[in-house]
Each structure stands twice: as C-alpha cells, then as structure tokens.
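Peer 1: Top to bottom, those sequences are chains A and B.
Going by my numbering, the first residue of the first sequence is number 1, and it counts up by one from there.
Going by my numbering, the first residue of the second sequence is number 1, and it counts up by one from there.
None of these hints come from the bench; they were simulated from the model.
Take the hints with a grain of salt, since some may be wrong.
To be verified - Sample of chain A residues facing chain B (criterion: CB under 7 Å; computed from the structure):
1. Gly-436
2. Tyr-438
3. Ala-439
4. Ser-442
5. Tyr-446
6. Asn-728
7. Asp-730
8. Leu-736
9. His-739
10. Arg-747
11. His-803
12. Leu-806
13. Leu-807
14. Ala-810
Stated by the list, open to error - Distance condition first, Cα-Cα at most 20 Å in a straight line; then the derived SDA-like pairs of lysine to any residue:
15. A/Lys-482 with B/Ala-212
16. A/Lys-482 with B/Phe-3
17. B/Lys-236 with A/Glu-817
18. A/Lys-422 with B/Phe-3
19. A/Lys-450 with B/Arg-62
Claimed, not checked - Label pairs and their calculated CB-CB ranges:
20. B/Asp-192 with A/Arg-671: 51 to 59 Å
21. B/Gln-231 with A/Lys-292: 32 to 40 Å
22. B/Asp-100 with A/Val-660: 57 to 65 Å
23. A/Glu-813 with B/Gln-231: 18 to 26 Å
Model, not experiment: these values are computed from the prediction.
Beta carbons are placed, not taken as given, at the ideal position from N, Cα and C, and that holds for glycine.
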Amino acid sequence: MTLPGHFQNWFRSKGWQPRPHQLEMLELGRNGQSALLISPTGGGKTLAGFLPTLVELAAPHITAGIHTLYISPLKALAVDIARNLETPIGEMKLPVSIETRTGDTSYAKRQRQRQKPPDVLITTPEQMTLLIADPAAAHLLRNLQCVIIDELHSIVSQKRGVLLSLALSRLRTHAPQARFTGLSATVADPDALRAWLAPVGTPPVPLVLGKAGAPPRIRILDSVERVPWSGHSARYSIPEVYETIKTAKMALLFVNTRSQAELLFQELWNANEDHLPIALHHGSLDVMQRRKVEAAMADGKIKAVVCTSTLDLGIDWGDVDLVVQVGAPKGSSRLLQRIGRANHRLDESSNALLVPSNRFEVLECVAARQAAEEGAQDSEYPMTRKLDVLAQHLIACACSGPFHADALFAEIKSAFTYRTLKRERFDQVLDYVATGGYALKSYERYAKLKQGEDGQWRLAHPQLVLRYKMNMGTIVQNEMMKVRLSSVKMRQGRRTILGGRVIGELEEYFLSQLGVGDTFLFGGEVLRFEGMDEFGALATRAPGREPRVPSYNGGKFPLSTYLAERVRGILADKAQWQSLPPQVRDWLSLQSWASVLPKADEMLVETFPRAEKHYMVCYPFEGRLAQQTLGMLLTRRLERWGAKPLGFVASEYALMVWMVNDLSAMIDQGRISLPKLFDEDMLGDDLEAWLAESNMMKSAFRNCAIIAGLVERNFPGKEKTARQVTVNTDLIFDALRSHQPDHILMRAAWEDAADGLINVERLGAMLKRVKGHILHKALERVSPLAVPVLLEIGRESIQGEAHDALLAEAEAELAAEASRLA
Amino acid sequence: MPFSPKPKPNLPLRPAVLLDTVISLGGVELRPDLSGALYVPDLAALIISDLHLEQGTSLARRGISVPPFDTGITIGLLESVINRWAPQRLIFLGDSFHDDDGERRIEAALMQRLKKIAVAHECFWICGNHDPSPPRHLAGHSADHILLGPLTLRHAPQRLRKAEIEIAGHLHPGCAVAQRGRRVSGKCFIADERRLIMPAFGAYTGALSVFAQPYERLFKREETRAWMIGQERLYKFPFARLC
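Modelling step: build the complete structure from the supplied sequences, incorporating the hints.
Peer 2: As structure tokens, then:
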C-alpha cells in the first residue's frame, strides 16, 4: 500500500522514507485487521501504530465517539506520545483531535471527554478499565475503530495485563468492529502475544517485523582491579566506569535495585573530579525530580544517569550512546531492552558495557553477552487466569450495568488470559463478589451483588461504584511513606523539627527500622532520620556522614532459566573459559583442582567441615527465590533425618546449608542419601506444610485480598477512619485457614505464591533435571566455588519464619547487657 | 502442584500452658496470658479487653465482606483461656461487642456459648465506646469502671488522679522489635508503675503502635515496659528497645 500524497510529502520534508513495516501496518489497519508489530526501539514503532488512524482521519469528519484508543503502561509516556503526535498532525494540518486521560486528569476534563470525546484518546490500562466500568461505555465506544497497546511485552507479564485483557474482551462486545494493534519489543514467544491480541477461537493476529538493528557492541569490564568474591556494590570498578562515562556523549547506568542505584551514584559522585553532570533516577524519587532529570536528558544537559528499571521503558530522553549495566543483567531480553536505550539509529551498533560486581556475575555477564549477540530472547510468557483480577473485573462489569452470568462468562472465556477458566471457578468468584463466598451464609443480607427476577446480577448499592473507583487497579505496593526534608529549630532550648518539601517515598518497613539519628542514602544525599509525623518521615541533610546504606534485599528479577543454563555450560566447557578474565579463569582452575567442576547436566554437591560446623553447598543456578524455597525444604528434611541443620543462605547461584552433624560421614555410612534428599517428593507435603505457615503465603494473600476488594485501601470521605474499617489480612488469612481453607482467595494466593514468590515450577523442573545427576564431593575444607556463598552468610539476615527465635534473642541480649552492668 | 487445601485444626495452636510471666502493678500480682487476657490470682479474676464480637458482620454491613468466623474464633479463644486459669470472676474491659447492635446479630449457637460462660462466672461488663450500653441478654453487672483493690479498671485510659493506678484497654497496643535486620511486631501489654494497657482480645482486632499519638503522656517512658505476645510466650522489652 502506498501513502496518500500529503503523507508522502511530509515524510519527504523530514528526509525520511516510510519503512516497509510502517506500510505493512498501514495496509493491515486500512483493511480493519489486527496486528502485532515487533520492532526494536528507534524503528518508528509508534508512528507505525498510528499511521492507519491518521490516514483514516485525514479527511474532514465529525467526531462521533472515540476512534482510536492508545494504551501505554506509563502515565508519563502517555503525555509524551500525545506531544510527539502533535508534530505530524500539526505539520500536515490533519483534522485529528488528541487528548490524554490518566490518573492525573481532572474530573472536569474527564466529564468533558465523555460529552465531547476526541478522535484519539491516549490512556493507561487502569483508565481503560475505568472506562469499561462506566455505564455509558457502550455509547462512548460505539464508533471505536482501533486500539493500540504499546509496550505489550511488558504489560502481559503482570496482573495489569491480565486486567487489561479482560477490559479488552468487554470492549470487543461494545465495539466488535475495532481492530487491535500491539506494539512490542522483541520477545521469546511472539505467538503468545499474537494469540493474546485475538479473541479465543479466532486465528492469532498477523505478525509484522520491523527491521532488526545493527548488532550491539557489548564489552565486559576487564578490570585491572581484583573482582570481589561476593557482594553487589561493584565498588572496585568505579574508576574504570567513570573513565568510560567520560568518553561517552550520554550514558545510562542501569542497576537492579534502588539501593544499588543510591550507592553507585554516591561512589561516582565521590570520583567526579571533573564535575560531570551525573543524575539519579529511580521509582522512590519524587515524580517532579524524575521529570526534571528526564527534561535535562532531553536537552542534552546530562552526562550520565544512574537508574533502575524506571528507564527500561518509554520514549527516548536524549542522545544516549552508551549503556552500562552494573551488576548481573539477569536475563538476555532485559539486557537487550536496556542496550536498546542507546543509539536509536538502527543502522549503527549500540554500545554497552557490562560490569559484574562479583565473580559469579562475571560468568553471568559472559553468558548474557553471548545470548544478546545471538539475539536470543528469554522474556516471560504472558500471565494468565488470576482469580483476584477476575473478581475485580466482575465488580467493574456490575458498575457499568446489570449482567447475565452466562453471557459474561462467555465473554471472559474469549480472552486469551482466561481461555482455560472453568465455569465452576467463575461461579465461585461471582459468589465471592456477591456475598464473600463463605461457607457460613450469614452475609446474604449484606450482598454487594443481587440477582434480580430477570436473572441479571446488579450492584446492591450505588455507593459501591465510588468505592470500586477508589480501590481499583492491580498494583499493590508495599506501604510507602513520604519523606520530607526538614529543618531543625531550637525553641526555648528544645530541638523542634519543622517539616519541609517532600523528596520522595520509602517503604514503611525500611523507615520503621531507623532510629532517630540514623543516617541513610536517599536521592543521592546522606540524610539523617529525625522521626515521624502524621504525614510521614522527617529527615535532615547530613553531608559528610557515613550512611547506613539500605540493605541489599535481593534483586527484583531472578536469573532467567535460559541464562542459568548457559552459565552451567560455561562452567563445564573449558574451551569457553578463554572469554573469561584471567582471575576468574584461575578461580575455576583452582576449583577443578581442589574439588571438581560439574558437567553441564550435573549438579555439584560439596560437603565439608569448617569451624566445628558441617556445610553442604549445592549449585543449581536457579535464582535466589527457587533456591530459598529449596533451602526451606532441605532444612526440614535434614532436621527430620537427624543432621541438625542450623541455617542456610541462598544466592542467585548456590545454596549453602550448615549443620551440627557431619553430613559427609552420614552420606558415607548410608544414613542420608543425596538422591533422596533432593527427591521431587519434597514438593508434596513438605512444601504444603511450610507454605501454609510462611510469610510468603500471607503476603500473597494480602495482595489478592486487596486486588479482589476484600479489604479496601481507600474509603470515601474519611481517609482517617480507613484503619478502622480495615482488618489486618493476616488475621483474615488465619480465620480462613482454620474455617474455610478452600476459599477462592486462598486458592488465588496459593497460585500466586507458587508462581512467583517461591518459584515452585522452576524448583520442580530443577529437581527433575538433577535426578540421577548429582555429583557429590566430600572435602576437607571449603572449595573455591563455595567461598562466595560462605561470604554471604554474614550479610544475610537469618532465614525462616523464626519470629520467636528473634524475639528471644533480642530479650536475651538485653538481659546479658543488664548483668554486665550489674 | 495443585492447590489442595488442608484445614489447620482448631485455631489457636498456641500451647495451652500457664505462663510464668508476672507483671506487678500497685503491689498486685498480674499474670498475662498469651491470648492477651490478664489473670489476677489474688482475686481469682480474669480480665479481658476489647473482644469486638461481631466485627465481621459490622463490616459486612458496610460492604466489606471479611470472613464471618471472627465471633466463633473469639469465643473459642475465650473458652480456652477460661479453662486455663479457672477464674471465678470475668471482667470485660469494654468494646465487648463491635457495635451496640452486635448482640442482635450474633448467631444463636454462639450466643448460647456466651451465655453459658456468663452464667458460670461472676461477670462485670464495663462499657466501651463501641458498646456504650451493657449487654441485654448476658448475665452480670455493668459498670463504667471498677475498683479492684488499689486498681481502677476502665475502658479508655484517663488522666490519673493522685495515687490512682489503672488498667485500661481501648488502644489495642502493639509494638515491634528490630533484630538482625528483621522487624518482628505483635500485640503487647504496656505498663509503667501506675498504668497498664491491655492488648485487644478479638480475632480481628489489630494493633496500634505504642508510638502513636494517643499514647503520648500516658506513660513515663523510662519506666515503661512492653510484654510482646509471641507464638510461644511473652517477651519483655524496655520502651527504648521498641520500634
């Protein structure tokens, strides 16, 4: 298909050629067909998505309802996209109206958008869901022609994506004529996204591929310094990283956690003799501060930005020509995505530098570089069938008007994410939404949904609409508290703290551990904690003081299965060691001399004594979460079999358990069998017994209870009384466990915990993999490979659910202190 | 692995033992229980604060359908603590029902169990802010406050008169201790030399941190101790150790 004349002229005036994938998208769009466009950043993806709409609306027309809905996962992105579209629309003088609607949009503007809708509405998944909960939804969407979903690869792996897919199924009912366009970065399984976009029972949408960019140039920092055995600070690399930044026009430095970002920023600042403009960007910083950094990037006023995943997505904020990944990349798709942030001209290679923060991470970086150079992807499969999300959707549907259960069930089954939903389960969720779904039917009279004579379900009270709107959404954050920069005044000899401007938010959990006078890093400054007031935490600047850095509480992202396999391959294959730095090569040679290096399909288990304790280390390379679960289960078994385990520590790569009894001897005498210890049957009763007690399960339950609307975060009118109407979800969990353990929300929580928090599936696959392939080595002393894990012991808090043990310890310490003083 | 729920048999799993913890207030020996109740051996009296019966149905009326099992669980806990200490008198420190209408909503079988308890003991029902009028169908005396030897028992803590020593409820005290980078929190008894505030007993009752504004000026901090309720026993901490 060719572009209309004035579009061609416009492209020419820009010095551009329409790209093949843009024309392909135009043709599909003009035929009313849905499509998935996979293209690297810089490929004109957004324009490709909008082109059919712009061409369609180029003729003078009367706007009769929304023509195109554009959904972006980031609120800030919505505003930027709208601004970027104004350029072609303005320059070609197209009669197209564009508006945005996000959580920040005023009530008045939203009302106006209902009365007089624009041609194109740019919005977020949450606003999309609110739109279908509107009784006027059918009317507003009657002329909808096109829905564009940006960053689809990122949305589908979250509960937000599951909720969005339900909203889209509703939208299809209102506007059967609409086409669906997904825009995505490269993913491991494009077919899953193609199916995600199409209603069940119809063929997957066609795939359009943008031209792949030039392969990236990825370098691993080959430091002259000694790479540390363990830890995550990468402090050794600062001088070299700093020198590299100096050679770049603008560099993005990605890390995996907020605390790493703070630390890296601080270290770079200390090394910053040339006064380079270096900035910090992460999710806890105040929005205004983040916007300022983004603006400075766009203006080219910044040399480097230290950031977390907050800059993974989104439009280009400037001329980035170098990406530095500090710490392990965790997955090749994530790495490729981040590298793609540099150099948006497709024909030029992006430059990336990987900086491992310890020796195991060197292996991971090598594996990630290989994978990235091959373009191998390991992104996650779309998330499906979440029962708590379904419950929220049912309330949204009821808010928009009465419904028949049969019709709604059929509509929900048409969504890719719920294609396997059973009617029985749907009815349970409906029952939960209506009356709580309890065995004890005492709440019938307080039902939220009631079935009328006509068989339709309707909301029992109009006030429920407002409550739904205040509590909808699937992003459940840890309780966050505002941090305000304060000043100290002396008044009548008393130190008085005056609250000042808000500089960001921190987890309540973290703040609650600080005592007045404690110092911590935040927003690149050392702050002194001054206490709390009713609005949050108060802090003052404490320059020059040694910060008590937030503890490293594990990466958010586990090592991908794909990279793990590659790392095992590198360990086993000496030919590949050539690509490793000499000191790491020496380390591995030492290991094969002092102990052994396992073959790619083997799992090494080492046992050795040390300082009157006995240790067992295994190296599954399955990520911290799966190995933490393994640690919990192994210690239960070792306890039962008389080895007297004392504790364990899990890293991303290995698991170490220490105990009183001599495990080497027990194995030797046949009292403990390793194949039995690692048998898959641990995922039966042992897992269940542990999980039921675990905090993981409680935290999964809390999330589900919030999403499913069992407890409410916000209550209309009187925010102060919110606490009074909220029952602690742990108490609800206990009540259900004893009285109705098969309740639908218990099931939802179990599925979430098994999926994400404890990685049961991955653990199961690993146990299956190592069956018959366990290589045991009884040693006299710790092996070179085990040293990094051993060093983690002091850093990690003790594991398990031993609350009473911690309390007893705290109490005993005080008693000991008192007796010393006496 | 599929979801295969197994009920946890009979909550609570707490050990049914008499703890040896003693709190001394105004020369009276008090024995705190893991359930949050307080036994007074000299008077064979068991004090229970903030039962909040029918909290579940009270919330359900506002459209928040938390599981309706709380009253049954709370009464079960009450029965077991009574078995443990075998008191002659029961003193309820107020907010026994979550609202004044609770007595009407409670299931008949559960009401029977409550009546049985009330008849078998000498009961004192102190009125709370949630239940300003005394129970209509339960045996016992009702009162605004009770004098127990040197101690004044009332629902909400008040400004102490000269030489007055008080046991109160109402605030639902809770506290936390940070140890090894972990924060462990729970309900607690909190007391100085002249006042003790009891934790809430009801199954769905939460905790309000002892650092919250309502506790200000109630205690002399340097004398203040908290007894935090753990899984197996109580743990005693000076105020300075709490967070």
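Peer 1: Work down the list of hints and note, for each, if the structure agrees.
Peer 2: Comparing the hints with the structure gives:
1. At about 3 Å, the closest approach between the beta carbon of A/Gly-436 and any beta carbon in chain B falls short of 7 Å, and the interface hint on this residue holds.
2. Residue-level restraint check for A/Tyr-438 holds (minimum Cβ-Cβ distance to chain B is 6 Å; threshold 7 Å).
3. For A/Ala-439, the interface hint is violated, the least distance from its beta-carbon to any beta-carbon of chain B being 9 Å, above 7 Å.
4. With a least beta-carbon distance of about 5 Å to chain B, the hint placing A/Ser-442 at the interface is held under the 7 Å criterion.
5. At a threshold of 7 Å, the smallest CB-CB gap from A/Tyr-446 to chain B is about 4 Å, leaving the interface hint in force.
6. Among the interface hints, the one on A/Asn-728 holds; its C-beta lies about 5 Å from the nearest C-beta in chain B, closer than the 7 Å criterion.
7. For A/Asp-730, the shortest C-beta to C-beta distance to chain B is roughly 10 Å, which exceeds 7 Å, and the interface hint is violated.
8. Given hint, A/Leu-736 at the interface with chain B, holds; its Cβ is 6 Å from that chain's nearest Cβ, closer than 7 Å.
9. Against a cut-off of 7 Å between C-beta atoms, the interface hint on A/His-739 holds, since the closest Cβ of chain B lies about 4 Å away.
10. Residue-level restraint check for A/Arg-747 holds (minimum Cβ-Cβ distance to chain B is 5 Å; threshold 7 Å).
11. About 5 Å separates the beta-carbon of A/His-803 from the nearest beta-carbon of chain B, less than 7 Å, and the hint is met.
12. Given the 7 Å rule on beta carbons, the hint for A/Leu-806 holds: about 4 Å separates it from the nearest Cβ of chain B.
13. For A/Leu-807, the shortest C-beta to C-beta distance to chain B is roughly 4 Å, which falls under 7 Å, so the interface hint holds.
14. Residue-level restraint check for A/Ala-810 holds (minimum Cβ-Cβ distance to chain B is 4 Å; threshold 7 Å).
15. For the proposed pair A/Lys-482 and B/Ala-212, the alpha carbon gap of about 17 Å is at most 20 Å, so the pair holds.
16. The hinted pair formed by A/Lys-482 and B/Phe-3 fails the criterion: a straight-line CA distance of about 39 Å is larger than 20 Å.
17. For a cut-off of 20 Å, the pair hint linking B/Lys-236 to A/Glu-817 stands: about 14 Å separates their Cα positions.
18. Taking the CA atoms of A/Lys-422 and B/Phe-3, the gap is near 15 Å; set against the 20 Å cutoff, the hint holds.
19. In summary, the hint linking A/Lys-450 to B/Arg-62 is supported, as the alpha carbons are separated by about 15 Å, within the 20 Å threshold.
20. B/Asp-192 and A/Arg-671 have their C-beta atoms about 55 Å apart, which keeps the hinted 51 to 59 Å range intact.
21. The hinted range of 32 to 40 Å is not satisfied by B/Gln-231 and A/Lys-292, whose Cβ atoms lie roughly 49 Å apart.
22. Evaluation of the 57 to 65 Å hint for B/Asp-100 and A/Val-660 yields a pass: the beta carbon distance comes to about 58 Å.
23. Our hint of 18 to 26 Å for A/Glu-813 and B/Gln-231 holds, since their Cβ atoms are close to 19 Å apart.
Checked against the numbered hints listed earlier, the structure breaks hints 3, 7, 16, 21; every other hint is satisfied.
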